[in-house]
Amino acid sequence: MGDLFRSQEMTLCQLFLQAEAAYACVSELGELGLVQFRDLKPDTNAFQRKFVNEIRRCDEMERKLRYLEKEIRKDGIPILDTGDNPEAPNPREMVDLEATLEKLENELREVNAYAESLKKNFLELTELKHILRKTQTFFEEALHDQHMTEEAVGLMTEEGMMAGGQAAGLRLQSVAGVILRERLPAFERMLWRVCRGNVFLKQAEIDTALEDPATGDKVLKSVFIIFFQGEQLKTRVKKICEGFRATLYPCPDSQAERREMAISVMTRIEDLNTVLNTTVDHRMRVLMAAAKNLRLWFIKVGKIKAIYHTLNMFNVEATNKCLIAEAWCAVDDLDKIHLALRRGTERAGSSIPPILNRMSTREMPPTYFRVNKLTSGFQSIIDAYGVASYREANPSPFAIVTFPFLFAVMYGDFGHGTLMFLAALWMVLREKQLAPTAKLSEIWATFFNGRYIILMMGAFSIYTGLIYNDCFSRSVNIFGSGWSVRGQFNQSLTPDQIRTQVRGIESLQLNPNDAQAKAWRANPYPFGLDPVWQVSGNKITFTNSIKMKTSVVLGVIHMLFGVFVSLTNHLHRRDMLSVVGEFVPQVLFLLGMFGYLVILILYKWAVYSGRNSNCAPNLLIGLINMFLFRYDKATNGCPPIYTGYQGLQTFLVLLIIPCAPWMLLVKPLILRRRQQMLARGGAMMGQQHPQPQMQPDAGVDGGDQTELGMGQQQDGGNNIHDGDKAVDMGAGYGDHGEEVDIGEVFVHQAIHTIEYCLSCISNTASYLRLWALSLAHAQLSEVLWGMVLAIGLKREGFGGCLALFVAFSFWALLTVVVLLLMEGLSAFLHALRLHWVEFMNKFYKGEGYKFEPFSFARAELEM
Amino acid sequence: MFSESMFSVDAGYLEGLARGFKGGILKKTDYYNLTQCETLEDLKLHLQSTDYGHFLANEAGPLTVSVIEERLKEKLIIEFNHLRTQATGYLAEFMDYITYSYMIDNVVLLLSGILHDRPIKEMLAKCHPMGTFEQMEAIHIATTTRELYDAVLVDTPLAPYFADCINEEDLNEMNIEIIRNTLYKAYLEDFSAFCQQIGGTTAEVMQEVLAFEADRRAFMITINSFGTELLKEDRKKLYPACGRLYPGGLEMLAQAEEVEQVKLVADYFAEYRVMFEDDGTGMDKTLEDKFFEHEVRLNVRAFMQQFHYGVFYSLVKLKEQEIRNIIWIAECVSQRHRAKIEAYIPILE
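Protein chains in written order, with our numbering: chain L, 1 to 863; chain X, 1 to 349.
Wrong hints could be hidden among the right ones.
Stated by the list, open to error - Part of the chain X face toward chain L, derived, beta carbon under 8 Å: (1) Asn33; (2) Cys37; (3) Asp42; (4) His46; (5) Thr50; (6) Gly53; (7) Met130; (8) Glu134; (9) His140; (10) Asp150; (11) Ala151.
To be verified - Lysine-lysine pairs mimicking DSS-like chemistry, simulated, CA-CA at most 27 Å apart: (12) X:Lys27 <-> L:Lys41; (13) L:Lys120 <-> X:Lys126; (14) L:Lys70 <-> L:Lys120; (15) L:Lys234 <-> X:Lys121; (16) L:Lys41 <-> X:Lys28; (17) X:Lys290 <-> X:Lys27; (18) X:Lys126 <-> L:Lys50; (19) L:Lys120 <-> X:Lys121; (20) L:Lys794 <-> L:Lys539; (21) L:Lys239 <-> X:Lys121; (22) L:Lys604 <-> L:Lys518; (23) L:Lys50 <-> L:Lys74; (24) X:Lys75 <-> L:Lys218.
Read the hints as simulated data drawn from the structure, not as lab findings. Just so it is clear, the structure is predicted and the values come from calculations on it, not from any experiment. Backbone N, C-alpha and C fix where the C-beta goes; we use that ideal spot for every residue, glycine too.
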């Protein structure tokens, strides 16, 4: 937990890498993924950097790879994924890789060009084949028509005559071709307009889709033949054909010629087919070979590119022998980084070892948590609010328990919890197989990535469900209820007889104070809620009272815990001023007001029972009266809640009230006083060594001193502490007479104080959502049971069977959709809010930024 | 009824997209970086860091300006078509209207190509992809305007605009210019009327943009007509009647015989006066550039209001200007003619 509670101790390092070894070193660091490089030349354009040419070469290689991939995918060849992760090749190997890719691309382009021309040829021949076949039918129909009807006149007959080879006085010419089917209507219309109706167009669809040689897509085409007369029309028709990209083919007039042509076309198509097949085979072989290595190449090129991008962020030393890099890394990882650098140097065959210096800096280091599968989900919930400031207490280790618990308080249902738990368990157990599917859908990925959260939420819901004794809104009687109706009936009756009698009675009253009836057996239900409440008329009143009080108790504990976490922050910073000026009054304020309420709640539960319930005080009114100092004399014969409560309550109020000015004034006033002393001391000492003046306060050390200098900015204070060896105190910050605006400090503190005091009250009220949502959930599931499933259960006989079937399916569907998903989501959001707002505002700043190490694994994910 | 409250039902998503695309328009610093480029490869590298992303990544071989232009236009057309295919109702019609101006340009370009006996394939490559239409490629069968209308344009949306310039005359240089301007006049007036019909903010925003477009055309027609055979009466017929100049300004423009007189007309209109004035900074910007700058200002302003279709028009115009800018810079870079590289028109700060 230590790792998760405070972020890793970070340090800024300066790396001197030999120009030859830099590549290998960065490559090793990329495999390691523990170093975040800083861009030392943020103002330089992408194309003005040192390794821009290498990056361009990588881009070019990637383009070739994409081209290969596209071609491979087009042919549906599987790309081999062996799952191994090659190292980044040496710069020398990069040339080889480039050459290989170049060769492959050229070869492929050649094959493609050849195949394309072949395909084009093939397409033309196929189209011609279709033309010959279709026109044959046109001519035949025409002939047929002529024979059929004597009156057939006009173009048809003329065409028929021509088709029959009888040259009449009017010589008709024809043009045949193929056109894209969707362009045909416009084509026909334009023909009609331009030639003023003096042409005749006959068309037929080609049934099979043809392949477009350029794009490889399947297209639908139509065969057409146009008959017209005269040269002028011919040029026009041809122009239109050209305009609509129709391909024209010669179509002989006589049948014999056509047949001859058809035969020759068929033989040519067959010849072409064999050639085409060998070409396709060749292409296939080339692609198959490429597909084996494609993934490895992609990774290699990606790594090279990432390395050069990183190298571009480095400074070049004046002599050009050495590259200077600055990087953040965790102090614990320094050894690993040293090792990696040494490996890199050896790989590059360089003799001079790289130098790694730790640097001192005023910058706030990045926040780095080492997370695992379980904690990463919770950490991301916290990060969504704001990344923790450097070395600040991180709420996520607590959230691992409190988050599912608060969720479960709202969601408490044994049955629903079990379903949720099982669903999450399935995801957890099969996470290896399911992981790839998470990329496909965003919604599914949300659930999948939160599987451990859901698992915990399910487990906790089972627990609270047992406490509430709620399973799909039914209670389970495991240990035997503490209440009994037996005493109200004749003792000689058997339990079965009593049962039948009870059914006839509208309502029974169980009075714990009635000694005769013995309704209360005086042995409480050992775990959770007594199941008898499930059937009682005042169930809601009872559970409301319990849940409401529980909510307040849990809420106050949660908030108090938050305040104590802020104490760890103060102590970590050795900031005693904040402990005295902020933490102590905050705790007193919260404990004096709501801590006391919690104690009263527990006290009331313990002391008041059925016997003296008429004397039980109203806590809320009591709390209000406490602040008004109003204590009624009239007690209706009841004893006071405890003796001396008036004195204690008055004392508490008197304790709380000064807490507000304490929070408001103490810290800024002391800060101001220190500054004045410093100014005086500085004047006396000649500003050489301000340190002696800085220690009027026993607990104050350098950390606090900087805080004064920075005026409330804790990040500065942090820095000095953590990198203490490296930072020299005297020159670190301008504590020499730097004016801190005390007014600003006052305003800041005032806001802080007001916010804290008000939020204590409003946040406590806010925790009542635990009760409200729990109530809503219980009621909703009860309604669902009563209105849907119960109807099915009440019927008898065969019809009841059917009704149950229908009712159950409805009930199950609604349970999953409304209660599991919708209610689960709403409880999740409320738990989230309780953490973000009510818990975390007590201590969490969240002003840091994430540690994003240079890592090949990360780069690959982005690809 | 055009109700702003219902706007987002049909067009909200698309407006969001359009504004998103607008967010990708290059900023001042981007242009600054682009002008620093030494080669086209540098240019490509820098454009990669903008919204253009890897649009040039799959180009094999050396980069040329024409390839860049082609890809830029392709990207614009993909974005536009993405919006257009999802648009319904008025918005769909509105977006079609945007394409008509490009169709007019294409028709005129093809006609002049025919006139100079250039091969149709070569001309088609030069056409703006935004204004392609089915019958476009068959345009070379036309020799007179009547034929052009009967055969080619009658099925296109341009047909009604063409009604005014049908005659049996053969096509010639002058004719083509007249066709272009007549078509444009009719188009602008029709578009303007359409926007008024939509009403609401759309009408308000588009009115301003289209009025400027109309006036710019009127000015340019007048200035370009000096020293040609165009008669004053004919010239007057070409002025679009939906701008601020209409009717008084156009009346005066019709009488103008030299540039000074045009200036006098512009003096009556505050926003045009500055364009004709020598701003005295020594930066000799052409009148055309000043018009472009004003157009950019108007189009950027269109994004200030919400729930109207004007953003789609403005987006296309701004993107087009951006393409012109990038091409200008690319040309300057490739020809090593750096003196004029700053003469692009900045769009966003």
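Verification of the supplied hints:
1. Asn33: For X:Asn33, the interface hint holds, since the closest Cβ of chain L sits about 5 Å away, which is under 8 Å.
2. Cys37: holds (7 Å)
3. Asp42: holds (4 Å)
4. His46: At 6 Å from the nearest chain L Cβ, X:His46 passes the 8 Å test, so the hint holds.
5. Thr50: violated (11 Å)
6. Gly53: violated (13 Å)
7. Met130: violated (20 Å)
8. Glu134: holds (5 Å)
9. His140: The hint holds - X:His140 has a Cβ within 8 Å of chain L, the shortest such distance being about 6 Å.
10. Asp150: Constraint on X:Asp150 satisfied, holds at 6 Å.
11. Ala151: holds (4 Å)
12. X:Lys27 <-> L:Lys41: Between X:Lys27 and L:Lys41 the Cα gap is close to 21 Å, so the pair holds against 27 Å.
13. L:Lys120 <-> X:Lys126: holds (26 Å)
14. L:Lys70 <-> L:Lys120: Holds, at about 21 Å.
15. L:Lys234 <-> X:Lys121: Holds, at roughly 21 Å.
16. L:Lys41 <-> X:Lys28: holds (21 Å)
17. X:Lys290 <-> X:Lys27: holds (19 Å)
18. X:Lys126 <-> L:Lys50: Measuring from Cα to Cα gives roughly 39 Å; hence the hint is violated.
19. L:Lys120 <-> X:Lys121: holds (19 Å)
20. L:Lys794 <-> L:Lys539: holds (23 Å)
21. L:Lys239 <-> X:Lys121: It holds: about 13 Å lies between the C-alpha atoms, which stays within 27 Å.
22. L:Lys604 <-> L:Lys518: Roughly 24 Å separates the two Cα atoms, so the pair holds.
23. L:Lys50 <-> L:Lys74: Distance of about 38 Å is beyond 27 Å: violated.
24. X:Lys75 <-> L:Lys218: holds (25 Å)
Hint compliance for this structure: hints 5, 6, 7, 18 and 23 are not met, and every other hint is.
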